[in-house]
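Asker: Quick mapping for you: the protein sequence lines, in order, are chains A and B. 8 is the number of the first residue of the first sequence in the working numbering; add one for each residue after it. 475 is the number of the first residue of the second sequence in the working numbering; add one for each residue after it.
Hints in this document: simulated from the structure, not taken from any laboratory. Note that the coordinates shown come from a computational prediction; the quantities given were computed from them, not determined experimentally. Cβ coordinates follow ideal geometry from the N, Cα and C atoms, glycine included. Just so you know, nobody snuck in bad clues.
Taking lysine to aspartate or glutamate pairs in the DMTMM-like style, the calculated list, with each CA pair at most 25 angstroms apart, reads:
1) A/K65 - B/E739
2) A/K62 - B/E816
3) A/K227 - A/E69
4) B/K814 - A/D225
5) B/K814 - A/D16
6) B/K814 - A/D18
7) A/K127 - B/E588
8) A/K19 - B/E816
9) A/K235 - B/E816
10) B/K814 - A/E222
11) B/K814 - A/D42
12) B/K589 - A/E160
13) A/K31 - B/E816
14) B/K814 - A/E43
15) B/K589 - A/D103
16) A/K90 - B/E588
17) B/K814 - A/E69
18) A/K62 - B/D737
19) A/K31 - A/E69
Covered stretches of chain A, going by a simulated chain B footprint (3 or more residues, C-beta under 8 angstroms):
20) 42-48
21) 52-60
22) 77-87
23) 105-113
24) 117-123
25) 218-230
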Amino acid sequence: MPRWGMVIDQDKCIGCQACSTACKSENNVPHGSPDEQRLRKDIYWNKVIAVTSGKYPKVNTEPISMPCMHCDDAPCVTVCPAKATYRREDGIVVQDFRRCIGCKYCIVACPYGARSFNSKEQEEKEYLRQDLPPDRSVWGQWPFPTRTHGVVEKCTFCFHRIDQGIKEGKKIGKEVVPACVEDCPTRARIFGDLDDTHSEVSSLLASRDWIRLREGLDTKPKVYYLLK
Amino acid sequence: MALTFSQIEGKSKGFYILLIILAAFTLIGFICFMVSYITGHHVLGTSNIIPWGMPIIITIYLIGLSAGSLILSSLTYVFKKEEYRPISRLAVFLAIILIFGAMMGIALDLGRPEKSWRLFMFFVLNNMRSMFAVNGILYGGYFLIGIVYLGAIFAEKYRFIRMMGMLAVFWAALVHMGTGAIFGFIATRPIFFSPIKPFEFLAAAMVSGLALLIIAVVAIFKFTKRDFNKTIIFSLGKLLLTLIILLAVMVLVDKLTHLYSPDREPIVWLLTGTYSWTFWGLQAGLAYILPIVLLAHPRCGMTIKGVIVAAFSVVIGIFGERFALVIPGTAYPLPFYPGKIEGIWGAAGSFPITPVESFMSIGIFTLMGLFLLVGLKYLELLPVGQTGQQAPQPEKKI
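Using the sequences and the hints, build the whole thing.
Answerer: If you want it as structure tokens, here you go:
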């Protein structure tokens, strides 16, 4: 069984937010209004933060793009009382909206702020995107026909693509990748099997210095950042 | 039998006016809940950075009051302190109402309250590694134990009462420690994360439960024009003082540990940042300093007024303590990456007070008030003497 993971090359990431928008259109994540953004009520499955370090004149601001880390020892899975969040055999941490009771304990426990609460009945125009490019529309609506407010949402590593790709016998990580990886203009994001020594992610991790976020918590994230 | 209990008459104009006011606010609270349920939680003050708001603050506050109240009832039934007998039935009844209010609070906070039954599918649909699921067992069990306990008290089956009392005390302690663990076990949130949290919650439960009981006893006895033994109130006041000091020491130890370098920014932020007023003003000021000064004062501590003011201060202050835990605890930005995180992702969260959330919160309290009034009218909770007029001095019994 593969163990899917992602590598983000900090040398290539330019902080353009293409990953965030690709994610929003692929997964029908509502755009959110400026007001919602100010109040932190909008939904993000993928975010790009800017982190400044150093002191003038040696200052560096680095964009860090953050999907869900799909931790091997995920605190959200541990705390979810309803088994709505669980880790699949291939390591993807998914959220089942039908089981989720909306207690928000996972949002409190997630060290990466990867989870968002769907806090309103979204207008249809915000959800059902008519403007998906034709190659995307073949996926149909992801995987629940309609979504509901009152539940917690998060990045899924686009598991619908992966599952479909496996069924069709395609090479995951090359022919089929999550939307954010596909749309990254600088190819800063690479997706693949961490346990396969021949995969691109494994060879990058073997040849470059990397970090994972908040290692001190020992959550064993599967998103790696290659250092500049 | 020297000490008997009776209902209140509940026919006065004041009683009905109070009943109508409480019912009206409960209805408003229910409407607000329906608004948040149908349109979504965007009408509440919570957000993705502060996911828990007033209902959760109220819930942990009420659980504390309930556990404290039940533990105090055990003074009579388990530890045989006869001087507390007149208030023992009320303490058990209050404990049941309060835990019910707490469970309501949880239900109101859920995004999908219609699925709250899933919380009680222990070991089947629940992930029992979650402290939330473990607490489901504790809360549900506590509610049932409380009802059986009260039933045994009404039936006057003394040996069974003592057994249930012991179980109830043990369970109440577990309930509150479990609630503390919901917060204390979360390593992500530095203001929550602490091994002492379950014990701190237990001490806070005892403190707030006792303070509420003092207020309830004095108020009910005054309004129903019953005489009461003042020395009970003073001795409860002394007990309250001891427990507040115990709680304050625990909080001090917790904060000092977190203040010790390195990794002290979150607690420094709590003590000096945007929400420092909740800690210093509400928690330290109202829950610890003011009541300690009042109760330790040689004259204030020996007047009913002094004890009551201290008890009020504690009841409000412990609410502040819950607020100072839940809101700043989640508002503190998560350190995703070393360095200064720019923009909204690095800013502390804000928690606007919204009308829907406020009325929903008031509704929880008024609903409990309604239950209390109905309980006082139909259940034999308050003591009367053989003349039917007043509470006599308790005699040795059992």
